[in-house]
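Using our numbering, the first residue of the sequence shown is number 8, and each one after it goes up by one.
None of these hints come from the bench; they were simulated from the model.
A virtual CB, placed ideally from N, CA and C, is assigned to each residue, including glycine.
Heads up, some of the hints might be wrong.
Straight line, CA to CA, 27 Å or less: simulated BS3-like cross-link-like pairs of lysine-lysine [as the list claims (entries may be wrong)]: (1) K122 with K9; (2) K369 with K409; (3) K42 with K122.
The calculated label-pair distances, taken between Cβ atoms and stated as ranges, are [said to hold, decoys possible]: (4) R142 with L63: 33 to 39 Å; (5) I201 with A345: 41 to 47 Å; (6) L290 with W107: 51 to 57 Å; (7) R196 with K108: 28 to 34 Å; (8) S413 with G134: 33 to 39 Å; (9) R350 with A184: 55 to 61 Å; (10) R196 with D383: 31 to 37 Å; (11) L442 with A68: 31 to 37 Å; (12) P200 with S47: 35 to 41 Å; (13) Q45 with K223: 22 to 28 Å; (14) I201 with G134: 33 to 39 Å; (15) R166 with P200: 14 to 20 Å.
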Amino acid sequence: MKIAVVGAGVAGLTISAGFAELGHTVRCVDGDSGKIAQLSQGIVPYREPGLESLVLRNVAAGRLGFGNEPSGLLNEAELLFIAVGTPADERGDMSLAALWKVIDRIEAWPGDGRKRLIAISSTVPVGTAERAESRLRGRLTGRCEAEVVSIPEFMREGRAVRDFFEPTRIVIGAVSAEAADRLTQLHRRLPGPIVTTDRRSAELAKLAANACLAVKISFANEMAAFAEQVGADYPSVAQSLGLDPRIGPYFLEAGLGFGGSSMPRDTHALVRMADDAGAPQTLVEAAVRANAMLPLRMVRKLEAALSDPGRRKVALLGLACKPGTDDMRDAPSLRLVAELSRRHPGIGLTAYDPEAGAAARKILPASVAICESAEDALRGADAAIVVTGWSEFRQIQAEDFKNWMSRPIIMDGRNVLDAAGLNAQGVVCIGVGRLPSIPGPSSRRAGELAL
8 MKIAVVGAGV AGLTISAGFA ELGHTVRCVD GDSGKIAQLS QGIVPYREPG
58 LESLVLRNVA AGRLGFGNEP SGLLNEAELL FIAVGTPADE RGDMSLAALW
108 KVIDRIEAWP GDGRKRLIAI SSTVPVGTAE RAESRLRGRL TGRCEAEVVS
158 IPEFMREGRA VRDFFEPTRI VIGAVSAEAA DRLTQLHRRL PGPIVTTDRR
208 SAELAKLAAN ACLAVKISFA NEMAAFAEQV GADYPSVAQS LGLDPRIGPY
258 FLEAGLGFGG SSMPRDTHAL VRMADDAGAP QTLVEAAVRA NAMLPLRMVR
308 KLEAALSDPG RRKVALLGLA CKPGTDDMRD APSLRLVAEL SRRHPGIGLT
358 AYDPEAGAAA RKILPASVAI CESAEDALRG ADAAIVVTGW SEFRQIQAED
408 FKNWMSRPII MDGRNVLDAA GLNAQGVVCI GVGRLPSIPG PSSRRAGELA
458 L
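Let's have the full structure, built from the sequences with the hints guiding it.
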């Protein structure tokens with residue numbers, strides 16, 4: 008099949024390269040000429056495991072190409088995926104400006120009698136596919152038949168390629184049985200179960216998934232705070248919960264909460280949409296509020312462990328919204344830096360992230376020193392906060408903390424360190440909802456399932 012994909016972000020590029028790998032001819036276009044120039048030169052501008060090799064392999068095979076102008080590609084494509092960004096605007100609503108721009112360009116499609124399918128993979132408000140089709144029909148009547156379908160993408164940052172080829176589910180929202188059948192055949196080589204439904208249900212399925220995960224994460228963090236107050240060990244509680252098949256082990260890790268490009272946007276947008284529809288989502292709204300409080304909770308822990316933080320140096324280990332990516336969008340580190348700076352104007356902040364250093368320099372204030380290694384960030388620090396659960400932080404030994412830091416005080420915001428082992432060796436390690444005497448997380452795969 009000849010496929011066009013509009014949007015060369017991580018999602019759009021993964022969709023493009025993924026279907027090319029499955030043998031289809033794919034052309035990916037994007038309005039960002041700089042990004043397309045990089046891709047055309049074999050430069051993949053994202054830190055996403057496996058994506059670069061997937062793209063380069065299919066470009067070399069002649070199945071994948073790039074361009075800026077969508078019109079020519081639309082002339083030949085049988086299926087068009089729209090995977091453009093829908094960022095939150097100032098009110099918290101999803102901005103559909105990029106999507107409507109794509110839809111309005113489709114008027115250049117030739118009237119050759121072939122029925123095209125337009126698949127919206129971007130995360131959008133419920134009813135967007137219907138609006139897009141209505142917008143198209145005013146211009147395509149009598150020239151070209153097209154049906155707009157919804158195929159939301161469920162790829163996670165840091166695991167996008169794996170999620171494309173090993174999906175937990177594929178959701179197809181279509182009006183006609185013909186469109187549903189064609190799209191089912193397109194995905195037949197992928198192992199995940201296929202859910203065929205209407206377009207509105209498919210759109211809501213994506214929003215509901217992120218809202219459900221947000222609620223689970225906030226539940227974990229609220230329960231961890233409760234455990235701290237009553238002298239219980241939350242990781243032990245989470246392990247017990249995870250063994251219950253009705254609950255499952257995922258997204259029960261306590262920490263600094265969720266961030267990134269999707270979950271904060273989707274939960275805020277869902278709450279607003281539900282309010283407008285007269286069906287307030289009070290549970291999701293509470294989860295969003297609870298998540299927003301986590302940086303302040305961590306700062307208060309630091310204040311309890313370190314006198315006069317405004318005259319101290321504090322190192323941040325990790326900046327990205329989660330391991331496996333360099334994405335800084337709505338990362339908990341941003342809120343943590345803001346809270347530390349607001350409450351303690353004289354504080355000295357250093358930071359290290361194995362992937363997000365370059366991105367952080369563009370976003371964080373110049374007063375935050377971005378370092379090239381954990382050792383550089385920790386050197387002379389009075390305290391450190393583990394912000395992102397990168398596995399390399401688990402390799403730092405007690406002697407390293409003691410040798411590098413002025414005071415070996417560690418606030419483990421992701422519960423990735425062996426608090427009991429470190430405390431026994433003279434390092435103060437304070438986790439989230441953890442008892443310092445309970446063995447470390449090695450048996451629990453701490454951090455692997457966390458955001």
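Status of each hint after checking the structure:
1. With a C-alpha separation of about 13 Å, the suggested pairing of K122 with K9 holds against the 27 Å cut-off.
2. The hinted pair formed by K369 and K409 fails the criterion: a straight-line CA distance of about 31 Å is larger than 27 Å.
3. For the suggested pair K42 and K122, the alpha carbons sit about 31 Å apart, so the restraint of at most 27 Å is broken.
4. Roughly 37 Å separates the CB atoms of R142 and L63, a value that falls within the hinted 33 to 39 Å.
5. At roughly 43 Å, the beta carbons of I201 and A345 sit within the given window of 41 to 47 Å.
6. Take L290 and W107: their Cβ atoms lie about 32 Å apart, and the range 51 to 57 Å is violated.
7. Between R196 and K108 the CB atoms are about 32 Å apart, so this pair conforms to the stated range of 28 to 34 Å.
8. At roughly 57 Å, the beta-carbon separation of S413 and G134 lies outside the given 33 to 39 Å, and the hint is violated.
9. Checked against the hint of 55 to 61 Å, the pair R350 and A184 passes, with Cβ atoms roughly 59 Å apart.
10. A hinted range of 31 to 37 Å is violated for the C-beta pair R196 and D383, which are about 46 Å apart.
11. As the Cβ distance of L442 to A68 is approximately 55 Å, the hint placing it in 31 to 37 Å is violated.
12. As the Cβ distance of P200 to S47 is approximately 36 Å, the hint placing it in 35 to 41 Å holds.
13. The supplied range of 22 to 28 Å is broken by Q45 and K223, whose beta-carbon atoms lie about 37 Å from each other.
14. I201 and G134 have their C-beta atoms about 23 Å apart, which leaves the hinted 33 to 39 Å range violated.
15. Between R166 and P200 the CB atoms are about 19 Å apart, so this pair conforms to the stated range of 14 to 20 Å.
Checked against the numbered hints listed earlier, the structure breaks hints 2, 3, 6, 8, 10, 11, 13, 14; every other hint is satisfied.
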